[in-house]
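Asks: Residues per chain are reported as follows:
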Amino acid sequence: MSQSNRISGGQIDRKTSLQFTFDGRSYVGHAGDTLASALLANGVRLMGRSFKYHRPRGPLSSGSEEPNALVHLRTGARQEPNTRATVAELFDGLHATSQNAWPSLKFDAMSINDKLNSFLTAGFYYKTFMWPAAFWEKVYEPIIRRAAGLGALTKDEDPDEYDKGFIHCDLLIIGAGPAGLMAALMAGRAGARVVLADEDFRMGGRLNAETFEVGGVAGADWASAVVAELAATPNVRLMNRTTIVGAFDHGIYSAVERVSDHLSVPAAGKPRQTLWRIYSKRAILAGGATERPIAFENNDRPGVMLAGALRAYANRWGVAVGDRVAMFTNNDDGLRTARDLLAKGVDVAAVIDSRQGGDLLPGIRHLQGAQVIDSSGRLGLKSVTVRLADGKTETISCTALGVSGGWNPNVNITSHHRSRPEWRDDIAAFVPGTGGPAGLSSAGAASGAMSTHGALATGQAQALAALADLGFAAKADELPRAEDTPIVISPLWFVHEGKGRAWIDQQNDVTVKDVKLAHQENFIAVEHLKRYTTLGMATDQGKTGNVLGIAIMAELTGQSIPATGTTIYRPPYTPVAMGALAGRSRGKDFKPFRLTPSHQWAAEQGAIFVEVGNWLRTQWVPKAGETTWRQSVDREVLATRRSIGICDVTTLGKIDIQGTDAGAFLDKVYANTFSTLAVGKCRYGLMLREDGIVFDDGTTARMGTHEFVMTTTTANAVTVFRHLEYCRQVLWPDMDVQIISTTEAWAQFSVAGPNARSLLQKIVDQDISDAAFPYMGAGNITIGGLRGRLFRISFSGELAYEIAVPTRYGDAMIRKLMAAGAEFDAIVYGTEALGVMRIEKGHVAGGELNGQSTALNMGLGKMVSKKKDSIGMVLSQREGMNRDEGYRLVGVRPVDPTGSISAGSHFMEIGAPVDLASDGGWLTSKVYSPHLGCDIALGYLKAGDQKIGRKMRAVNFLTKTDTLVEIVSPHFFDPQGERLRG
Amino acid sequence: MIINHPILGPRDAQEFVYLGDANLMGRPDGMTAGIEAFHDYLYNRDNPAGAHRELWYHEQGDRSWLVVTRNTVTHEILKVEMARDVARAGGRSK
Amino acid sequence: MANAWKSLTALGQDTAQVVAIGPYQISERFDVALASLAVRRGQNAAFAMAAQTAGVPLPPASSFAAGEVFSAFWVTPEMWFIEADFASHQDITAHLKPLFGDTASITEQTDAWVRFDVAGTGLAALFERLTNIDLVSLPDGFASRTVIEHLGVYLIKRSATEVVLYGPRSSALGLLHALQVTAKSII
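Chains P, A and D are the protein sequences, given in the same order. The first sequence begins at 1 in the working numbering and counts up one residue at a time. The second sequence begins at 1001 in the working numbering and counts up one residue at a time. The third sequence begins at 2001 in the working numbering and counts up one residue at a time.
Just so you know, not all the hints are guaranteed correct.
Stated by the list, open to error - 25 Å max Cα-Cα, derived DSS-like pairs, lysine-lysine:
| id | chain 1 | residue 1 | chain 2 | residue 2 |
| --- | --- | --- | --- | --- |
| 1 | D | 2184 | P | 591 |
| 2 | D | 2184 | P | 270 |
| 3 | P | 681 | P | 866 |
| 4 | P | 868 | A | 1079 |
| 5 | D | 2097 | P | 816 |
| 6 | P | 588 | D | 2184 |
| 7 | P | 867 | A | 1094 |
If you are wondering where the hints come from, they were derived from the structure by calculation, not from laboratory data.
The shape of chain P in the complex, shown without the other chains (with noise of 0.2 Å):
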């Protein structure tokens, strides 16, 4: 039976077959095919079991709107859950199966739900799982997860490349039907950047599913002329097969684009789909118009759809979905689609028109006044039941049923900023309200302009108004002869016959019942109804079925559909996949990492590295032999102390400070002085935030009498920059003061240990004898003819310095240094190493810079002069943040030598509870301390200058680790700092 119900005709390629298969069946399709019209095509009209209920299913619509025909699309990593059907376009080989049915699609042994249905209406959840309330997280919700919810994620890695972009128009038209493709020739032949986008493969919207002329020709060749012209015109950019997905401020736009999925793998090197950010300066919305519904009993059985959807796979795509047909409408468009149909020879069985006299369709049987209350078959449709005007009921045979209740402007963008849409009783449709994005117009059938002359006459009116707009010379041509047929409906929302459900959201299983029930229960509000019922709340986010709620919650309340209002909608327009949205930035692309200048040797070493922001630092260097972390850094710590450990600093961050008023600015940044220090040498420096916090820490370098060069922590060296950027313009803009980061441009090594001096002055071509750059001291220096800096300064609290050179030659320095350090045993030491030393020198770093301690807090509080105005200094003086009982920086260690204490760890009294008001402060950063032998700490502890020498607990429920600990001072190593002055 293959394509049994493909008829003639059709903007499909019959000579290109298409095998594919559904649910492991084979079938062939055509190029130009949906997967939905190729399955119509070859007899299958099941290809879903509905969200709750577990129904039976079928497409609903022929476009994005689908709520049923959700389909597992592809395998293996690239199976896509809840593709729909009706938009994916047909591939070679594309393998599809259906979802939310188990064992099989025709027999699922969830549908005992539908047996249940009485039980799972609206607000079921909330009254059924109240009680016991511990029940809900370990029972109910997992059974509820299992048996709800359409399709199932892969758990492979996508291996798809998505990729993102930025474009720029004067005009961007969202749609491309009649009235898109007509303002799109207005702008493009004016001159203008136009975007033409449109989510179907095939432009020319709706034209491509009627059989409407345009200008004389069939309304789908018009259209393909019409985007001939517009390709050829190098200021319009076509882009089919992309959504404009959300409206953002100031005539952003953003767009999916897929560039792939129409193919059964991306070509090499091609994303499968790309996110653009589109600027435009005006905007017009012609997205169309989507058909809803009218609900009456058993309307959700595959094979009943939307009339206009049942049109378009007949003129579009070639398919008859039935061999019967019957039609069920409210308007003249259902008309329509019969007359069609019987243009195509498909056998229209009636057309059930709700409404009285008119005249009569010519060749079909024409049942005005009438209804239909009921349908039959299981897995499709067999028959309707129809209650006639003389109020006889009457079965009619048929396997596909077309529904129209009218056709809802989308409008859905233009609510996107929170515009209302206004209701136009003369169509019986929402159209875009005002206040909708600045720059965006909207035409054709989203505007309300329903007929084929209207998108036409609208599309160039819209273009003519945005033209001018933009200072472009346009003037209106003459229209192509269209139809404009009006608009002739008389609402009929919900078939009041019946005891059974009538479906409004079928992708949520939303009936008339729950939004009775919610009526009922006084959730008029259309935002309560939408809530409490989920009507809408859909992936479709009910494109097809909310008017229709809203209009049934006005019939029951008795209000007009105006005054009971209406929910808006929010991007996305249709669902986005989260690859589109990440792009390229996953995996090891997510950050672009930073290398420092001895990578590459540090590499060659086999260093292992680690992740400091986005820079990779050498972590430790392990040595033969090594088989813990530990060896190696406890080596590196030795090593340093005994003779010289070599680190590249590079990454802390190094910003050049120049002006005349350069020192006064750093009394302004820095709590401490800077104006007084002498050229060629460097101070610490610590920087606070206007409420006293610490901010930030470094040493700063008098390089000459309008020059500094000060250093940051790694992690803050953007936040600092950007404060001084601050300070300069904000706060004292006529400072001359003038700053640039230099971070990258120098290589920067320090270099540690008592032989430090020795190993330089080897190839430092100044004397750097402590007399000649005594401690604290910063200069510039060559070193074998190189330009350099070197600047004395101590993290470690061993004599260093640390020296830089051009970037470029940063590897060369360190192979330089490790080859003049040979002699003494010279080691590479990475930032665990760096940890160590610092702690047991009682350096503060990351987790004491946590951005909520003061420079009190870490015991730095002489720093902050007050004999100066600097950031931070009035209210580091707040009484709260200088009591005696607050936290002071103290040193730790465990009692027993062999005791293990782990940061984090909470310090408690001895004999007082473990508990939050006994909690005296915490664990901020340990080590291991090959020096003292044993594990060292720094903490924050309540008066911790007052209890030097206590011993407490530090308790760490995390770690399960409670050990008695001694409070020290926090300089372990070295308390006079002898070393780092020898």
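Dock chains A and D against the given chain P, drawing on the hints supplied.
Replies: Using the frame of chain P, we list chains A and D on its own:
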């Protein structure tokens, strides 16, 4: 959002870092003003539904601090000025 | 003597790399010295005079200007980046400081950046996937800081077929990777 930079023209707000109320420009002098004045300066803010003057920093651009007057309800941007100019006009100097 | 020192390019090679992908040629430049040049407060007139005398162009905002020895692009109000030939201006600040004296603050920037010259037809199609700069509509000589794959870069449109990028040197490999992957996706 698009911020119409006084020097560079329209730029995507993604390039900027937002700081907050432009009243932060009015920092009191630490040598004369006391804790109360600083407290008021740092913590007390209006929260208008409507025009709001804000400080934005063009981090991924020219590093200028801008004073952006923005309607917090509609996001309409009513005015964009160089913060340095506004600061000087407001009497700030060194 | 400095020539005894072996240098590595930002990509970690001995010599500058050239990568060709379809119509695009991405060339690492290792022969350009760079410095920032900022006006000291109140020195605008003397500064401009010094620049003129020294042949240092001072292009207006958002632009680049080529000069004989020194070329320049605008960075921020009252600050420019100055380019010169590296071979003759290794220590570029030492060349510039005497020319400007106390009128300017000058800072070494050469090795803070990796420079890629991206040449070829169809650059707009490449860069619209990399930055929000509207390359097509902007004039030759346009210069701006922008973002490419999370990296802050300076972009200079030298012509419709040549764009110069200065990106953070430490992320040179990441920037090249972004350029390569994107170029491959559109050829």
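Asks: Now, for every hint given, state plainly whether the structure supports it.
Replies: Structure-based check of each hint:
1. 2184/D - 591/P: Cα-Cα ~20 Å, so holds.
2. 2184/D - 270/P: holds (8 Å)
3. 681/P - 866/P: Holds: residue 681/P and residue 866/P sit about 23 Å apart, inside 25 Å.
4. 868/P - 1079/A: violated (36 Å)
5. 2097/D - 816/P: Roughly 30 Å separates the two Cα atoms, so the pair is violated.
6. 588/P - 2184/D: Given pair residue 588/P, residue 2184/D holds - Cα atoms ~18 Å apart, limit 25 Å.
7. 867/P - 1094/A: holds (17 Å)
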